[in-house]
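Asker: Below, each chain spelled out in residue letters.
There are 4 protein chains.
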Amino acid sequence: MINIGIFGATGYTGVELMRWLGRHNEARVVFASSETSAGQRLSDVIPCAYDTPLVKSDDAPLGDADVVFSCLPHGASAELCARVVQAGRRAIDFSADFRLREAAVYTRWYQHQHPHPELLSQAVYGLPELYRARIAEAELVANPGCYPTSVILGALPLLRQNALANPIIIADSKSGVSGAGRKLTQSTHFVEVNENLAPYNIGHTHRHVPEIEQVLNDARAKMDSTSGLKDSGIVEPDMQSAIVASQQARTSLLSPITVLFNPQLLPITRGMLSMLYFQLTPGAMAQDWQALFTEYYKDEPFVHILPKGQIATIAHVAHSNNCAISVHQQEGALAGTLVVVSCIDNLVKGASGQALQCMNLMFGLDESTGLR
Amino acid sequence: MINIGIFGATGYTGVELMRWLGRHNEARVVFASSETSAGQRLSDVIPCAYDTPLVKSDDAPLGDADVVFSCLPHGASAELCARVVQAGRRAIDFSADFRLREAAVYTRWYQHQHPHPELLSQAVYGLPELYRARIAEAELVANPGCYPTSVILGALPLLRQNALANPIIIADSKSGVSGAGRKLTQSTHFVEVNENLAPYNIGHTHRHVPEIEQVLNDARAKMDSTSGLKDSGIVEPDMQSAIVASQQARTSLLSPITVLFNPQLLPITRGMLSMLYFQLTPGAMAQDWQALFTEYYKDEPFVHILPKGQIATIAHVAHSNNCAISVHQQEGALAGTLVVVSCIDNLVKGASGQALQCMNLMFGLDESTGLR
Amino acid sequence: MINIGIFGATGYTGVELMRWLGRHNEARVVFASSETSAGQRLSDVIPCAYDTPLVKSDDAPLGDADVVFSCLPHGASAELCARVVQAGRRAIDFSADFRLREAAVYTRWYQHQHPHPELLSQAVYGLPELYRARIAEAELVANPGCYPTSVILGALPLLRQNALANPIIIADSKSGVSGAGRKLTQSTHFVEVNENLAPYNIGHTHRHVPEIEQVLNDARAKMDSTSGLKDSGIVEPDMQSAIVASQQARTSLLSPITVLFNPQLLPITRGMLSMLYFQLTPGAMAQDWQALFTEYYKDEPFVHILPKGQIATIAHVAHSNNCAISVHQQEGALAGTLVVVSCIDNLVKGASGQALQCMNLMFGLDESTGLR
Amino acid sequence: MINIGIFGATGYTGVELMRWLGRHNEARVVFASSETSAGQRLSDVIPCAYDTPLVKSDDAPLGDADVVFSCLPHGASAELCARVVQAGRRAIDFSADFRLREAAVYTRWYQHQHPHPELLSQAVYGLPELYRARIAEAELVANPGCYPTSVILGALPLLRQNALANPIIIADSKSGVSGAGRKLTQSTHFVEVNENLAPYNIGHTHRHVPEIEQVLNDARAKMDSTSGLKDSGIVEPDMQSAIVASQQARTSLLSPITVLFNPQLLPITRGMLSMLYFQLTPGAMAQDWQALFTEYYKDEPFVHILPKGQIATIAHVAHSNNCAISVHQQEGALAGTLVVVSCIDNLVKGASGQALQCMNLMFGLDESTGLR
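So the protein lines, in turn, are chains P, G, F and L.
Quick note: to get this note's numbering, add 1 to the position in the first sequence (first position is 1).
Quick note: to get this note's numbering, add 1 to the position in the second sequence (first position is 1).
Quick note: to get this note's numbering, add 1 to the position in the third sequence (first position is 1).
Quick note: to get this note's numbering, add 1 to the position in the fourth sequence (first position is 1).
I should point out that these hints are in silico values taken from the structure, not numbers from a laboratory.
As the structure is a prediction and not an experimental result, all values here were calculated from the model.
One or more hints might be untrue.
Heads up, the list lumps identical chains together, so a pair's fine if it works in one copy or across two of them.
For lysine to any residue, the following SDA-like pairs were computed, each having C-alpha atoms within a straight-line distance of at most 20 Å [what the hints assert, rightly or not]:
(1) Lys309 <-> Arg42
(2) Lys184 <-> Gln41
(3) Lys309 <-> Ala199
(4) Lys309 <-> Ser44
(5) Lys299 <-> Tyr51
(6) Lys309 <-> Ile203
(7) Lys309 <-> Ala50
(8) Lys309 <-> Leu293
(9) Lys223 <-> Pro168
(10) Lys223 <-> Ala166
(11) Lys309 <-> Gly204
(12) Lys299 <-> Ser44
(13) Lys299 <-> Ala50
Bound conformation, chain P alone (with noise of 0.2 Å):
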């Protein structure tokens, strides 16, 4: 039995993560906390069915938990991290301050300095889909952005050679409002989201864009350096024995990948699709890309490349740990574009399910293991 310790449990992540800990039989929560809410039940705080008792974080018993979950923001999220990996628990953050791996990056877009700069060498990215191995052994995981796990799920089997054509890819990226959380702005009252569809942060100015390059550029040196996706659907980084040099040299020659990255608030409370154009190579174009991607993610239990024809929508995904992805190759005038569907739930593949497969890998039990 896995004891779990949640900072943050009032928030909607908070939520869903007790909802799916409710049916895993291998885990249970010895611990939730809320600065606002401590000395309440969470279902006095927010409709549900979970009468857990809130304590502060200075007041969670860290000792008891073997891993714990920290859905705080930004900011107070590192601080807390870095306190239950000093105390020897491992850590999974579902904010953003373990993802990037340069602390002036970090600073760039986040506008403050790094609180543990320290710990950035040693999280991984929890996608078990790229870093499967490193998770396992992770003391501290920064489990990935929503909008980044769709983009970057869609985008992956394209990063092998000689694919695109044109380093940039749009994403044309669509939320539900629990991506933005429970705090209150006026673009999250009821009014202003409803029978409307609102962008914002257009082009590359969200936060999500030096995640997004980061961990895709990361994999287009992977693939490159262990020749492609020839061998095995999932690349890990210890896969690397046979390094090319003159691999190396090419890929350190290529223009880095740059997303044009379009968010935009869907009036629906979660789920998230991501509509990706890729612009091909002539030999790209030759091949049969829903094949591909099929192969690509053959063993992957939470990615379903959905048969030709059919086309991903949130509600293949909704309330579920999957990513449904649909590919759409163009002919003609446009054989040179290739379109992508990508769909996950925020709140479960895109935050709270995905930080559970992160720990179902942690602690060795299948990683499918209360997803179902």
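Add chains G, F and L to chain P, keeping to what the hints say.
Answerer: Quick look at chains G, F and L alone, frame taken from chain P:
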């Protein structure tokens, strides 16, 4: 051309007022105020097509206006309306500040002293269907609340003598979120409202309760004493002219009407439906209430009694100044209970449209000008 | 391992059943039927993660199933349930076909002859809170309607002797659209539902009326004969060992309970809220109904009486098998009216979850298996 | 007073047309037809305040109308529009029947023979921003599709010489459900739409594709031949007096504009947002597109270029005839991609409002009459 000032233009009722004024050929906006957004234009603050500049209320050129609409919250609104009246201009107040006749009742429900109790006696409740003649003369109109408008219009025809076996009226009322205003509260966060129905202030606790009861008891007394509403534009079919002293005596002995009022928040932007339950006397059970309602409202431009067999829905009235009412007489064991459905758009007949209807009356225009 | 067959798997209750079965460790699906989509997989027909093959009901391997869930419409469902029972398998019917005890009542409300009246006497109404012991033994369970579940659970504690001053119960019930099924009708078109609230079948005309009244009158008779709920929160028929003749006589003299039932369509996918109004006797007014409800349901795994001061909302129960109830006792002039709010998820406690709860009872499992 | 007939008045565009006509002081409805609801009133068929009687189209008094709006589906609409034109009346067709210039293209996309190819040459595409002068003279106006209106208005200023590096325009377009009409389909069932975002007809398969491409290529040719937009924001065909042969030659050598068009169904009733992606030439990257768009549309009454820094949303245009456009120029690695957001209300500027705008032009009224 009527010159109009607006206090608090950046709320939902303010913007709705702008929309309707845009179609009103005999009125123009001479100023619009906002304490927090002065210096900006309305379209900078809320997505709309009105680039009206916003001023602080202290800088508003009161003297340029023939009438000022105050869309401010209670308390603040009374202060500014008093200033308008003192400046010899007419005021239409959207807040509750001048709706209740007695300052003590106001203090009990709003929990602060009334800032201008001396104005209460001259304020007219702006429901044309009851107080048309007095509105035309008014210097200060208290624009009715949205819930009260829907409940009162659905109940008026039943206030005639000997119709109600029980002075308790049940109003099961559901409202769109714009009725709660643009202020940020957890209960209007998109995620809390969406896919939910949330009752609140159950029983006898919502601030619209004293307003509804005051108007219904007032209307009953009038009907009783005049056997109809001779002075106010609503005439009873039987039109007796003589006030019988014994009837007056009888009225004073009646139990006051009490409303069991259960408001519920709907996941929609605008619109309101009150499902009303009345207990009829045996005599009233024998009457045809479909016909009585139709007759009662036959000259009203904005109250529509639906044909027998149709049921009023919010879709009947959205974006219009209409109140749609359907009457559902029961049989057998249920013959003693009359069901009435009363629907309005809370931003129009429940706020800005009704205010314009009052303004039309105050300035001698056709009551429907700009409201079709 | 319980082997399960599903008739009519492509409707909303069918897919919801699949979802919950996916988390039930002691059951597996052995067939799923669809007349119109046989030959396809479930995920081809409705966006979901279940690629269960669909067969025609005639081709379904009935013999492989221990229990069959029929999610078919009334009429068709009775035919197939009869076939299941004849094959010596147990059946849980989601339709209304076996809910009403008398074929004549069925014919009056459903306007066709009952296809298998001979089975009516052996069918058990699948509401565990009332008929737990009989469900465990049943060969044929009539799964309750969604509206009846919410109304009955909110009313049961009030059926004790001398509580109700009036046999009329007002149920102002609002439902999400999935309750209307997947069939195409103008009234479930997105544009007709969205931004609307639409009452329908007002008064005493909805087909759930006879079902609610049958169960409430049945429950009242039982409570009466067992001196109310003195001994246990849940009155089982087999506990009626000491029926006092005089009590029976008294019961038969009481007016039957009649429900004034006003269903209304909410612009949400799932969830149901019944606002219930009861008229109390003077004796009952003096009692603490918060405490009585809490006591009544204290051993029920899926009925939650909210703490005093909280109000039940649909958000409390969405995607769960819970029924959340809040009790709102009034004072002063309104003391004679008790307000109860009763919420369920119409697809779970109102359909598929309740059916699994019955299945668990029928096969000797813990009633909550797979339902947390 | 313009006398108006409406064919197919019970659809969403028909009812929307009634709404706007109610505020148009110089037009009145002389007949409204419905094949399925003839004999009833409009308010019997759809919840609204219009009790206009409905007749069969064969019984419509064509001779009483100055202009007839046809809100019928394609195919049927051409038949009736032909009858109107033969009767010497003017017609505005909401269907696609007269939008495509070539009957063969129509047949390929609509998969039946065009019923009246002889009328194609005289039909004018009813987009005032492109064809204002011709609309004024037209006997038969093809009212543009909603998607085409949003895409074309967002693209027009970019069609000048040497702006686009690539003839492929990506249009990621999201629409409210009323755009799909009132006909019953599984994809417009409330439960399928709600809490979902569903792409459909991805790539180059939606019937609006040939319409968008025809108009954009036509507009590009015109701009080219008139030296772009140097002299006026709006290029009229009759201004093409000095067509330089070498320009024509150059134009004909250009690859035709191709649209990669990905429509997606939003869970809202009305409104449409097209996110457009253009690839700029190096020369165009150096220009200020915010200023160019503002200049291009400076005299247009219904196209609003938002100030720099604001982003167009559906809320900007709902229930109005406006098209709100925001221009988002990128820097650095993304400088070659221009993002334009273009929003309309699909029922107003995308249908009924645009039709009234055309009618105003056809009858010599101010273009904005009744549309504010």
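Asker: For each hint, tell me whether it holds in the structure or not.
Answerer: Cross-check of the supplied hints:
1. Lys309 <-> Arg42: between (48 Å within a copy, 14 Å between copies)
2. Lys184 <-> Gln41: within (19 Å within a copy, 26 Å between copies)
3. Lys309 <-> Ala199: Between. Shortest inter-copy distance 16 Å satisfies the 20 Å Cα cut-off; intra-copy 31 Å does not.
4. Lys309 <-> Ser44: Classified as between: cross-chain Cα gap 13 Å, same-chain 44 Å, threshold 20 Å.
5. Lys299 <-> Tyr51: Between. Shortest inter-copy distance 17 Å satisfies the 20 Å Cα cut-off; intra-copy 37 Å does not.
6. Lys309 <-> Ile203: Between copies, since 12 Å is at most 20 Å while 31 Å is not.
7. Lys309 <-> Ala50: between (41 Å within a copy, 16 Å between copies)
8. Lys309 <-> Leu293: This pair counts as within: shortest intra-copy Cα distance 12 Å, inter-copy 42 Å.
9. Lys223 <-> Pro168: Within. Shortest intra-copy distance 16 Å satisfies the 20 Å Cα cut-off; inter-copy 34 Å does not.
10. Lys223 <-> Ala166: Answer is within: at 19 Å inside a copy they meet the 20 Å cutoff, but 33 Å across does not.
11. Lys309 <-> Gly204: between (31 Å within a copy, 14 Å between copies)
12. Lys299 <-> Ser44: between (40 Å within a copy, 18 Å between copies)
13. Lys299 <-> Ala50: between (37 Å within a copy, 15 Å between copies)
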